[in-house]
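A.B. asks: Given the coordinates of chain A, assemble chain B onto it according to the supplied hints.
Chains as they are written, first to last, in numbering that gives the first Met the number 0: chain A, 0 to 283; chain B, 0 to 193.
Source of the hints: derived by calculation from the structure; they are not laboratory data.
Predicted, not measured: the structure shown is a model, and the values here were computed from it.
One or more hints might be untrue.
Stretches of chain B that chain A covers, calculated by requiring three or more beta carbons in the stretch to come under 8 Å of a beta carbon on chain A [unchecked claim]:
{"hint": "1", "region": "79–92"}
{"hint": "2", "region": "101–110"}
{"hint": "3", "region": "130–137"}
Not close to chain A: a few residues of chain B, all C-beta gaps over 10 Å, as computed [as the list claims (entries may be wrong)]:
{"hint": "4", "residue": "A24"}
{"hint": "5", "residue": "A36"}
{"hint": "6", "residue": "N48"}
{"hint": "7", "residue": "G58"}
{"hint": "8", "residue": "N69"}
{"hint": "9", "residue": "V75"}
{"hint": "10", "residue": "E114"}
{"hint": "11", "residue": "G117"}
{"hint": "12", "residue": "L127"}
{"hint": "13", "residue": "G162"}
{"hint": "14", "residue": "K172"}
{"hint": "15", "residue": "E187"}
Ranges between beta-carbon positions, derived for each pair [unchecked claim]:
{"hint": "16", "chain 1": "B", "residue 1": "K122", "chain 2": "A", "residue 2": "V57", "range": "48 to 54 Å"}
{"hint": "17", "chain 1": "B", "residue 1": "T116", "chain 2": "A", "residue 2": "M0", "range": "41 to 47 Å"}
{"hint": "18", "chain 1": "B", "residue 1": "V50", "chain 2": "A", "residue 2": "D118", "range": "32 to 38 Å"}
{"hint": "19", "chain 1": "B", "residue 1": "A47", "chain 2": "A", "residue 2": "A117", "range": "39 to 45 Å"}
{"hint": "20", "chain 1": "B", "residue 1": "T163", "chain 2": "A", "residue 2": "A255", "range": "52 to 58 Å"}
Glycine included, each C-beta is placed from N, C-alpha and C at the ideal position.
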Amino acid sequence: MNELLNDPFVQSSALPLALGFALVGVLRVAGGAAVGRRIAVAGIAAAFLAVFALVIGVPALPPPSSMGKLFWSAAVGLALGLATDTVGLRGRAASALVAVWLSGSLAWIAAPAIASAADVATALILLAVGAWVAFGRLPSRAEGPAAPAAVLLALALAVGGTALIGSSASIAQAALALAAATGGFLLWNWPVERHAWGVSGQAALGIVVLLAAVLAFFTQAQAALLLIALPAVLADHLRRRLPLPETGFGRAAGTAAMTVIAILPALAAIGAAYLLTGGEASPY
Amino acid sequence: MKKLFAAALLASATIVAIGAPAFAAPVSYKIDPAHTAVVFIVNHLGFANAVGRFNTVSGDVTFDKDAVQNNAVNVVIETASVDTNHAKRDEHLRSPDFFNAKEFPQLTFKSTKVERTGETSGKLHGDLTLLGVTKPVVLDVTFNKEGVSPASKKETAGFSARGTIKRSDFGMKYGVPNIGDEITLLIEAEAVKS
Numbered sequence: 000m001n002e003l004l005n006d007p008f009v010q011s012s013a014l015p016l017a018l019g020f021a022l023v024g025v026l027r028v029a030g031g032a033a034v035g036r037r038i039a040v041a042g043i044a045a046a047f048l049a050v051f052a053l054v055i056g057v058p059a060l061p062p063p064s065s066m067g068k069l070f071w072s073a074a075v076g077l078a079l080g081l082a083t084d085t086v087g088l089r090g091r092a093a094s095a096l097v098a099v100w101l102s103g104s105l106a107w108i109a110a111p112a113i114a115s116a117a118d119v120a121t122a123l124i125l126l127a128v129g130a131w132v133a134f135g136r137l138p139s140r141a142e143g144p145a146a147p148a149a150v151l152l153a154l155a156l157a158v159g160g161t162a163l164i165g166s167s168a169s170i171a172q173a174a175l176a177l178a179a180a181t182g183g184f185l186l187w188n189w190p191v192e193r194h195a196w197g198v199s200g201q202a203a204l205g206i207v208v209l210l211a212a213v214l215a216f217f218t219q220a221q222a223a224l225l226l227i228a229l230p231a232v233l234a235d236h237l238r239r240r241l242p243l244p245e246t247g248f249g250r251a252a253g254t255a256a257m258t259v260i261a262i263l264p265a266l267a268a269i270g271a272a273y274l275l276t277g278g279e280a281s282p283y
Numbered sequence: 000m001k002k003l004f005a006a007a008l009l010a011s012a013t014i015v016a017i018g019a020p021a022f023a024a025p026v027s028y029k030i031d032p033a034h035t036a037v038v039f040i041v042n043h044l045g046f047a048n049a050v051g052r053f054n055t056v057s058g059d060v061t062f063d064k065d066a067v068q069n070n071a072v073n074v075v076i077e078t079a080s081v082d083t084n085h086a087k088r089d090e091h092l093r094s095p096d097f098f099n100a101k102e103f104p105q106l107t108f109k110s111t112k113v114e115r116t117g118e119t120s121g122k123l124h125g126d127l128t129l130l131g132v133t134k135p136v137v138l139d140v141t142f143n144k145e146g147v148s149p150a151s152k153k154e155t156a157g158f159s160a161r162g163t164i165k166r167s168d169f170g171m172k173y174g175v176p177n178i179g180d181e182i183t184l185l186i187e188a189e190a191v192k193s
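Extracted from the complex, chain B is given alone in its bound form:
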């Protein structure tokens, strides 16, 4: 009887051990500004698209590739770092007409949810705060790679994100529709394990 009980106990423990899911712990990463690009594209008078970027980006990523619900992203962008390769235009972009950098020195993104859509793709839901206005946005995210970077020798994770927003939703209405309302976002980011 005792042997039967012990065997049953061992079997149960084995089944539990095999059946239990492997809970990977979320890992904290810091955005690597040297290998991160936040680019925007906006239509200019219908002639062509103007391209710009923000040069000062910081933030952190909590990444768990096995449990996407644990993933989180927090990004802070200095609005005065806007750069469209034209000094006068950049000065205009920093003015109250657009980013109003003196009153709103930062724009932020804080994730609220991540949903997986494929093996390495997902939708990143979050709150974007621009000009003091917070609105939900959704970005299409691709997880590119994770591992030790041969360049820095540090554990690195890389992502790409794409999305569109309407700047007028955030109160940035100047110039619409001559200067496009819809802004396309291209984000390429590398984050280094903290």
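For reference, chain A alone in the conformation it holds in the complex:
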């Protein structure tokens, strides 16, 4: 069993998928009919933190490194999401909380590394994506969770693949674990969308931004290529243009199609990273 848990492939895929699926279910049941529907999505961030602790270890507090700061920032995001979703906070107030948490976390992680104009530009791009996470996907929208979950899956895949090619296996495993945990959530919400997205979902999206920040500032990976993956955020806009009926089948097909559409730019980013290394990816 120990050997299985220590297998990097299991740590990055099957384990977080199973944990994500299980934790979403547990939160749904524990929260009851009304609250459970809102907090279930926190299972994504919770599964991410559990796998991070297993693979990389629980960082010290205060954390000496950016990966440690990422862990504790994610933990704060999870706590924030659970608290606000439990009371049912929505709208601009919820978005503002996400914005404060995400911008504060980005500053905590990235500030020590900013030393050039390129670093400032990178920070601004990350802040812009963070602003989209906070305000572009308002939790008050009536839409189901599948669309933002598909975007999260795609972005996490992009970060994980780019990190793996760029010789940063721990960031790769963390990002791929986030993608797999999101898959666990999507298993509950396809073909029928059962849960809400909420602040906990926004927090999960924020975690992928923080992962991208660590990748960009503290590794040799070609993090700029992640920009190629950004069109994934438009996937649900494209979904509305698909000629699908407004039936259960139509909605399920639309979600599946949207997930594929979201993943395409992520694969393009990974492919570009692979080509830039001359076709030589880690591990050695």
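C.D. replies: Chain B only, in chain A's frame:
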């Protein structure tokens, strides 16, 4: 009476002069990077041990072979200089998975105590700071030789040190246990009088 007093004074002075210990002054040396090797050995998946070194090492040694308590060592190693003879692996070692060279460009060792265990051997106690974490470590040290080097014509002292650390103690947990937690250190150093 005066003669007796003078004789007693002379005798006392002689006894004091003979009995007093010879206090050698500690001498400062600078580590010679060209003749210093800091090597580490770590188990790789149980198949074999991987061997690596750091190519950029600097520091100073305060050496007093007659009074070991006066000895001190300060070493600074550039983590980005890690070298395992494989470019991709070295890039991985510099990443946040291991040495996190961008955030922690140096690892340092500062001695706190030296204890003699034999004629030319001792235990070097010190604080190792790696990834921002400081832990005490103990190295087995052998004093090899001191004198004027026929090559450089400079006063040189040479040492060997051995020790083991657990990288997880310093927060470097990635890959454990597939990539060994216990790291064996082999240090061969020459230091030139400042």
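A.B. asks: All hints are to be evaluated individually against the structure, with a verdict given for each.
C.D. replies: Hints, verified against the model:
no.	hint	in the structure
1	79–92	holds (count 5)
2	101–110	holds (count 3)
3	130–137	holds (count 3)
4	A24	holds, 39 Å
5	A36	holds, 24 Å
6	N48	holds, 16 Å
7	G58	holds, 22 Å
8	N69	holds, 33 Å
9	V75	holds, 18 Å
10	E114	holds, 30 Å
11	G117	holds, 38 Å
12	L127	holds, 14 Å
13	G162	holds, 23 Å
14	K172	violated, 4 Å
15	E187	holds, 28 Å
16	B:K122 with A:V57: 48 to 54 Å	violated, 33 Å
17	B:T116 with A:M0: 41 to 47 Å	holds, 44 Å
18	B:V50 with A:D118: 32 to 38 Å	holds, 35 Å
19	B:A47 with A:A117: 39 to 45 Å	holds, 41 Å
20	B:T163 with A:A255: 52 to 58 Å	holds, 54 Å
Consistency note: the structure conflicts with the earlier hints numbered 14, 16.
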